[in-house]
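Asker: Build out the structure end to end from the sequences listed, making use of the hints.
Read off the chains here:
Number of protein chains: 6
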Amino acid sequence: MTVFQFLTICDNLKRVLRTGWLLRGVPPSIAENVAAHSHTTAILAYLLALQTEEPVDLPQLLLMALIHDLPEAHIGDIPISAQRADPKIREAKEKAEDNAMQKILAYLPEKLQSALTVAWAAYCKGTSIEARLVEAADRLVTALHAAQLVKTGYSKETFQTFVTHAESTVAELKIPQVKEFIRELREVFTG
Amino acid sequence: MTVFQFLTICDNLKRVLRTGWLLRGVPPSIAENVAAHSHTTAILAYLLALQTEEPVDLPQLLLMALIHDLPEAHIGDIPISAQRADPKIREAKEKAEDNAMQKILAYLPEKLQSALTVAWAAYCKGTSIEARLVEAADRLVTALHAAQLVKTGYSKETFQTFVTHAESTVAELKIPQVKEFIRELREVFTG
Amino acid sequence: MTVFQFLTICDNLKRVLRTGWLLRGVPPSIAENVAAHSHTTAILAYLLALQTEEPVDLPQLLLMALIHDLPEAHIGDIPISAQRADPKIREAKEKAEDNAMQKILAYLPEKLQSALTVAWAAYCKGTSIEARLVEAADRLVTALHAAQLVKTGYSKETFQTFVTHAESTVAELKIPQVKEFIRELREVFTG
Amino acid sequence: MTVFQFLTICDNLKRVLRTGWLLRGVPPSIAENVAAHSHTTAILAYLLALQTEEPVDLPQLLLMALIHDLPEAHIGDIPISAQRADPKIREAKEKAEDNAMQKILAYLPEKLQSALTVAWAAYCKGTSIEARLVEAADRLVTALHAAQLVKTGYSKETFQTFVTHAESTVAELKIPQVKEFIRELREVFTG
Amino acid sequence: MTVFQFLTICDNLKRVLRTGWLLRGVPPSIAENVAAHSHTTAILAYLLALQTEEPVDLPQLLLMALIHDLPEAHIGDIPISAQRADPKIREAKEKAEDNAMQKILAYLPEKLQSALTVAWAAYCKGTSIEARLVEAADRLVTALHAAQLVKTGYSKETFQTFVTHAESTVAELKIPQVKEFIRELREVFTG
Amino acid sequence: MTVFQFLTICDNLKRVLRTGWLLRGVPPSIAENVAAHSHTTAILAYLLALQTEEPVDLPQLLLMALIHDLPEAHIGDIPISAQRADPKIREAKEKAEDNAMQKILAYLPEKLQSALTVAWAAYCKGTSIEARLVEAADRLVTALHAAQLVKTGYSKETFQTFVTHAESTVAELKIPQVKEFIRELREVFTG
Numbered sequence: 000m001t002v003f004q005f006l007t008i009c010d011n012l013k014r015v016l017r018t019g020w021l022l023r024g025v026p027p028s029i030a031e032n033v034a035a036h037s038h039t040t041a042i043l044a045y046l047l048a049l050q051t052e053e054p055v056d057l058p059q060l061l062l063m064a065l066i067h068d069l070p071e072a073h074i075g076d077i078p079i080s081a082q083r084a085d086p087k088i089r090e091a092k093e094k095a096e097d098n099a100m101q102k103i104l105a106y107l108p109e110k111l112q113s114a115l116t117v118a119w120a121a122y123c124k125g126t127s128i129e130a131r132l133v134e135a136a137d138r139l140v141t142a143l144h145a146a147q148l149v150k151t152g153y154s155k156e157t158f159q160t161f162v163t164h165a166e167s168t169v170a171e172l173k174i175p176q177v178k179e180f181i182r183e184l185r186e187v188f189t190g
Numbered sequence: 000m001t002v003f004q005f006l007t008i009c010d011n012l013k014r015v016l017r018t019g020w021l022l023r024g025v026p027p028s029i030a031e032n033v034a035a036h037s038h039t040t041a042i043l044a045y046l047l048a049l050q051t052e053e054p055v056d057l058p059q060l061l062l063m064a065l066i067h068d069l070p071e072a073h074i075g076d077i078p079i080s081a082q083r084a085d086p087k088i089r090e091a092k093e094k095a096e097d098n099a100m101q102k103i104l105a106y107l108p109e110k111l112q113s114a115l116t117v118a119w120a121a122y123c124k125g126t127s128i129e130a131r132l133v134e135a136a137d138r139l140v141t142a143l144h145a146a147q148l149v150k151t152g153y154s155k156e157t158f159q160t161f162v163t164h165a166e167s168t169v170a171e172l173k174i175p176q177v178k179e180f181i182r183e184l185r186e187v188f189t190g
Numbered sequence: 000m001t002v003f004q005f006l007t008i009c010d011n012l013k014r015v016l017r018t019g020w021l022l023r024g025v026p027p028s029i030a031e032n033v034a035a036h037s038h039t040t041a042i043l044a045y046l047l048a049l050q051t052e053e054p055v056d057l058p059q060l061l062l063m064a065l066i067h068d069l070p071e072a073h074i075g076d077i078p079i080s081a082q083r084a085d086p087k088i089r090e091a092k093e094k095a096e097d098n099a100m101q102k103i104l105a106y107l108p109e110k111l112q113s114a115l116t117v118a119w120a121a122y123c124k125g126t127s128i129e130a131r132l133v134e135a136a137d138r139l140v141t142a143l144h145a146a147q148l149v150k151t152g153y154s155k156e157t158f159q160t161f162v163t164h165a166e167s168t169v170a171e172l173k174i175p176q177v178k179e180f181i182r183e184l185r186e187v188f189t190g
Numbered sequence: 000m001t002v003f004q005f006l007t008i009c010d011n012l013k014r015v016l017r018t019g020w021l022l023r024g025v026p027p028s029i030a031e032n033v034a035a036h037s038h039t040t041a042i043l044a045y046l047l048a049l050q051t052e053e054p055v056d057l058p059q060l061l062l063m064a065l066i067h068d069l070p071e072a073h074i075g076d077i078p079i080s081a082q083r084a085d086p087k088i089r090e091a092k093e094k095a096e097d098n099a100m101q102k103i104l105a106y107l108p109e110k111l112q113s114a115l116t117v118a119w120a121a122y123c124k125g126t127s128i129e130a131r132l133v134e135a136a137d138r139l140v141t142a143l144h145a146a147q148l149v150k151t152g153y154s155k156e157t158f159q160t161f162v163t164h165a166e167s168t169v170a171e172l173k174i175p176q177v178k179e180f181i182r183e184l185r186e187v188f189t190g
Numbered sequence: 000m001t002v003f004q005f006l007t008i009c010d011n012l013k014r015v016l017r018t019g020w021l022l023r024g025v026p027p028s029i030a031e032n033v034a035a036h037s038h039t040t041a042i043l044a045y046l047l048a049l050q051t052e053e054p055v056d057l058p059q060l061l062l063m064a065l066i067h068d069l070p071e072a073h074i075g076d077i078p079i080s081a082q083r084a085d086p087k088i089r090e091a092k093e094k095a096e097d098n099a100m101q102k103i104l105a106y107l108p109e110k111l112q113s114a115l116t117v118a119w120a121a122y123c124k125g126t127s128i129e130a131r132l133v134e135a136a137d138r139l140v141t142a143l144h145a146a147q148l149v150k151t152g153y154s155k156e157t158f159q160t161f162v163t164h165a166e167s168t169v170a171e172l173k174i175p176q177v178k179e180f181i182r183e184l185r186e187v188f189t190g
Numbered sequence: 000m001t002v003f004q005f006l007t008i009c010d011n012l013k014r015v016l017r018t019g020w021l022l023r024g025v026p027p028s029i030a031e032n033v034a035a036h037s038h039t040t041a042i043l044a045y046l047l048a049l050q051t052e053e054p055v056d057l058p059q060l061l062l063m064a065l066i067h068d069l070p071e072a073h074i075g076d077i078p079i080s081a082q083r084a085d086p087k088i089r090e091a092k093e094k095a096e097d098n099a100m101q102k103i104l105a106y107l108p109e110k111l112q113s114a115l116t117v118a119w120a121a122y123c124k125g126t127s128i129e130a131r132l133v134e135a136a137d138r139l140v141t142a143l144h145a146a147q148l149v150k151t152g153y154s155k156e157t158f159q160t161f162v163t164h165a166e167s168t169v170a171e172l173k174i175p176q177v178k179e180f181i182r183e184l185r186e187v188f189t190g
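So the protein sequences, as listed, match chains R, C, E, Z, S and U.
So that you can map any letter, position 69 of the first sequence is 68 in numbering that gives the first Met the number 0, and since no number is skipped, the others follow by simple counting.
So that you can map any letter, position 46 of the second sequence is 45 in numbering that gives the first Met the number 0, and since no number is skipped, the others follow by simple counting.
So that you can map any letter, position 141 of the third sequence is 140 in numbering that gives the first Met the number 0, and since no number is skipped, the others follow by simple counting.
So that you can map any letter, position 177 of the fourth sequence is 176 in numbering that gives the first Met the number 0, and since no number is skipped, the others follow by simple counting.
So that you can map any letter, position 132 of the fifth sequence is 131 in numbering that gives the first Met the number 0, and since no number is skipped, the others follow by simple counting.
So that you can map any letter, position 19 of the sixth sequence is 18 in numbering that gives the first Met the number 0, and since no number is skipped, the others follow by simple counting.
Hints listed in this document are in silico derivations from the structure and should not be mistaken for laboratory results.
Please note that the accuracy of each hint is not assured.
It does not matter which identical chain is used: a pair holds within one copy or between any two.
As the list claims (entries may be wrong) - 27 Å max Cα-Cα, derived DSS-like pairs, lysine-lysine:
#, residue 1, residue 2
1, Lys155, Lys94
2, Lys155, Lys124
3, Lys110, Lys124
4, Lys150, Lys178
5, Lys124, Lys102
6, Lys94, Lys124
7, Lys110, Lys87
8, Lys124, Lys87
Answerer: Here you go:
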């Protein structure tokens with residue numbers, strides 16, 4: 000029950016690769032890890048927050064972005080395709096992640112747990128502005144990384160799905176610069 | 000619905016790393032992939048079959064060993080720890096894998112599907128001699144690979160669990176040479 | 000002289016990279032290893048066997064596919080180009096591989112050696128239906144993996160040779176679906 | 000001058016490896032990248048902030064942790080040893096990093112630049128509680144990662160320097176749990 | 000102060016990756032290391048020397064090529080972009096490299112130091128025929144490696160800069176075959 | 000028949016891994032490549048030459064060190080174990096390497112071939128002082144790299160053979176500092 004033990008688990012995220020890349024032909028030696036992905040997500044979530052008109056709880060937003068994939072330190076990155084197969088599987092996956100998160104947070108000294116527990120619960124619920132911004136950032140940086148892969152030779156057809164996916168997620172956000180972001184993304188895939 | 004499409008999916012297994020290693024500190028660039036693991040499993044399953052007194056359907060045994068992790072080409076390697084958290088999760092995981100396998104097998108021309116479907120069903124049921132030998136081989140080669148990691152500097156404490164795990168699985172098999180195998184494994188961890 | 004020692008050598012195949020990729024510009028961190036290649040070969044050999052009209056000894060076929068590159072666990076993967084240089088070199092290479100195989104098989108307890116020795120001898124001879132199907136599967140999955148590399152940006156010109164190579168090997172097999180396989184392969188290289 | 004261009008540069012940090020590991024024998028395929036390191040730093044900085052009695056500007060703290068190594072996206076990770084050689088070099092390195100940061104921040108639309116500029120300036124100055132906590136977190140997670148390397152076989156002697164380094168940095172912080180953290184770190188190196 | 004200690008440091012160059020590739024999207028697992036780069040540089044420097052009409056001190060030329068990046072074993076590869084930012088930074092970088100080289104050479108027994116010290120000084124000065132040939136070889140093999148990356152799918156636009164860079168460096172050398180080299184390089188980028 | 004084509008083949012050596020490491024459990028992502036190995040060999044060969052009393056043709060010595068493994072750019076690194084199996088195999092391997100070298104050198108414009116042809120022939124003969132120094136350097140840097148692996152956790156027992164091997168090769172050289180080198184090597188393996 001120490002910060003040291005908790006961070007030792009966080010360190011695992013440096014070795015969990017994002018399955019979405021692997022299953023589309025990116026070799027493990029090239030595939031992005033979850034820790035690095037969470038880093039970019041947090042930066043973009045912050046930039047999006049500066050551009051929205053709604054009031055945003057910035058510390059919660061950043062914390063949420065930093066830990067939104069932390070359960071993967073215990074159970075790995077279960078690909079979205081697995082969840083689509085069956086609504087019950089999506090449900091079970093969400094339950095597995097929640098279970099994993101409870102176990103991981105239990106490594107923290109009690110008085111440090113609450114802020115993380117609150118951020119995680121809000122992320123899972125998905126309705127607060129913080130949760131929606133983190134979700135949008137998550138999808139946008141994934142599409143941006145797909146664009147990087149395309150620049151190094153990967154097939155536009157295969158990776159375009161990430162742009163479409165991001166676009167549908169951010170549609171509801173009223174942030175002008177997100178449109179520009181999507182436009183620049185698209186250029187990589189059509190250019 | 001062609002062999003080409005089916006094998007293209009099998010090829011994914013070369014990029015799916017075994018999560019059990021990653022979550023114990025083995026970096027992705029070193030972690031074993033599922034295709035290579037299945038190869039060793041099939042060889043050992045065959046050698047165990049030669050030593051058992053029960054009659055074994057060798058083609059089914061080998062096919063089973065070759066495809067026992069094939070669903071991971073769609074949904075990645077969900078670690079055992081995730082399953083232990085909750086019996087419902089174990090159930091859901093099994094369902095997800097079965098779903099994935101159905102989808103993958105559906106890529107095969109119809110007349111080629113049946114043998115694989117039969118082998119997969121028998122593996123999932125787990126009671127036939129073929130299924131038990133494949134299960135034993137799976138655990139033993141995992142422990143053997145753990146032993147290899149220990150020889151390159153990884154901690155004996157962390158990886159010993161794979162030996163214990165293998166030992167309990169093979170206990171019910173009455174194959175003398177399995178005992179010897181376990182003894183040689185143990186030597187690496189205590190020597 | 001134990002199964003444990005024998006499998007420890009088999010485990011080497013996970014670290015032997017296929018030289019054909021390396022010498023065409025694929026970095027080691029991306030190049031396929033021999034164990035993973037043998038896994039796909041065995042699966043395809045099995046599927047081809049189901050489609051041929053000749054009677055096939057399935058256990059031997061699968062065993063042959065699993066061990067056909069096992070000598071490389073001792074002597075590495077000597078590229079085909081080396082053999083072409085000189086018929087004497089091809090001969091010497093075959094002798095070196097046979098030598099290596101004898102040494103590796105000698106690690107097995109005596110009563111387990113014979114099946115592997117028989118399968119290896121038949122593979123080397125190359126005339127049985129099992130040997131011809133394994134050879135065909137070997138070439139076809141190599142070409143399929145080349146196609147995967149092309150999809151991630153590698154040059155079609157450089158890797159087309161593997162398709163031509165596969166095509167000439169399978170020409171003598173009278174299996175309709177092999178033609179389809181070749182056609183789908185070609186599409187990747189001309190599309 | 001768009002968020003897209005700015006994040007494309009941030010994405011570089013996933014490919015910048017921490018030189019401190021490389022120069023102590025860790026191969027590139029295993030060495031931690033700067034993005035992943037910044038992720039863990041931000042989490043620990045947050046946890047330290049919860050335990051200090053001084054008031055902390057949490058958004059600035061987190062932002063600072065996320066971007067404290069961002070100049071390395073332009074100029075790579077110049078190792079500390081280079082700086083020690085000569086005070087003028089340390090000075091020049093700091094100037095180079097500042098230059099790089101100005102260029103990177105200039106990719107952001109103007110109204111998004113100021114928060115990042117302020118956080119960076121405070122980090123460089125190094126006197127605010129936020130800057131000191133980020134510095135402490137930076138050193139502690141580096142030592143924790145060194146401990147992970149030791150567990151996978153790397154020499155205790157070589158990597159102990161990171162613990163000593165962390166210890167001297169955090170000495171001035173009056174946070175009880177930091178002492179515990181150091182104690183657990185030490186155990187890995189003496190155990 | 001032994002050859003053993005000196006070579007242990009040289010061995011570091013196998014783990015120092017060339018930053019120019021990393022910052023243009025090449026992942027660490029693919030990026031060339033400095034030792035391998037120095038090897039190709041030495042070979043080309045020798046071939047250029049055979050074609051020039053000026054008298055060349057061959058041992059010095061080869062030694063210079065072998066050690067021209069040796070300071071990077073201490074301070075890593077500081078990218079050229081960092082130096083361009085500011086003339087003072089270029090100056091500081093050169094000083095840091097010189098400092099590092101003095102320290103590295105100090106590991107050698109005294110009587111072995113002088114030849115290396117002389118070669119390094121001549122390289123830094125940059126005016127001798129040996130220094131100019133090594134500089135040209137350095138740029139040409141870098142552009143050639145960029146051409147290799149382009150063949151595996153990397154963007155021509157991004158890497159063309161290395162050809163331009165090489166071209167301007169070799170312009171002053173009056174070696175006919177260098178023109179041919181540049182022409183063949185260009186073909187990769189325009190073909 | 001251009002320098003460009005010749006160097007494109009030399010570039011292959013960056014992707015040819017030294018089989019001796021792979022077959023002793025070092026994963027490809029960590030195993031040294033032949034280009035980097037040749038670089039260290041050339042540096043040590045030079046330092047040995049400075050310490051011998053016999054007159055040494057330095058340009059030839061350095062060239063020989065740089066190209067002594069160049070045939071591996073065509074045929075890969077055939078491990079020594081393969082050669083030991085049978086004297087005929089050693090002979091065949093030497094012939095294969097010589098064949099490969101002739102082909103590679105044929106890419107060079109005619110007037111550049113002769114120096115390399117002479118150096119290669121002298122290396123193969125193995126009796127000149129240059130050839131003996133390169134051979135000694137080759138073995139010593141291999142043992143030094145083995146020592147580096149031991150420092151990162153690899154087993155002393157497995158890699159000690161490289162020290163014994165180096166020791167027997169250098170015994171005939173009358174260079175005092177070689178003894179010291181061997182002593183420092185031994186310390187890593189016994190300490």
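Asker: Determine for every hint whether it applies to the structure shown.
Answerer: Hint-by-hint comparison with the structure:
In the homo-oligomer, the alpha carbons of Lys155 and Lys94 never lie at most 27 Å apart, since the shortest distance is 34 Å inside one protomer and 32 Å across protomers. Proximity of Lys155 to Lys124 under the C-alpha cut-off of 27 Å is found in neither arrangement, the shortest distances being 33 Å within a copy and 41 Å between copies. With identical chains, the CA atoms of Lys110 and Lys124 are at most 27 Å apart within one copy only, with a shortest distance of 23 Å there and 31 Å across copies. For the homomeric pair Lys150 and Lys178, the shortest alpha-carbon distance inside one copy (21 Å) is at most 27 Å, but the shortest distance between copies (30 Å) is not.
In the homo-oligomer, the alpha carbons of Lys124 and Lys102 lie at most 27 Å apart inside one protomer (19 Å), although the nearest pairing across protomers, at 31 Å, exceeds that limit. Taking identical chains as interchangeable, the C-alpha atoms of Lys94 and Lys124 lie at most 27 Å apart whether they share a chain (13 Å) or sit on different chains (25 Å). With identical chains, the CA atoms of Lys110 and Lys87 are never at most 27 Å apart, being 35 Å at best within one copy and 31 Å at best between copies. When the C-alpha separation of Lys124 and Lys87 is checked against a cutoff of 27 Å, the pair qualifies both within a copy, at 18 Å, and between copies, at 21 Å.
In summary, the structure is inconsistent with hints 1, 2 and 7 from the numbered list given earlier, while agreeing with the others.
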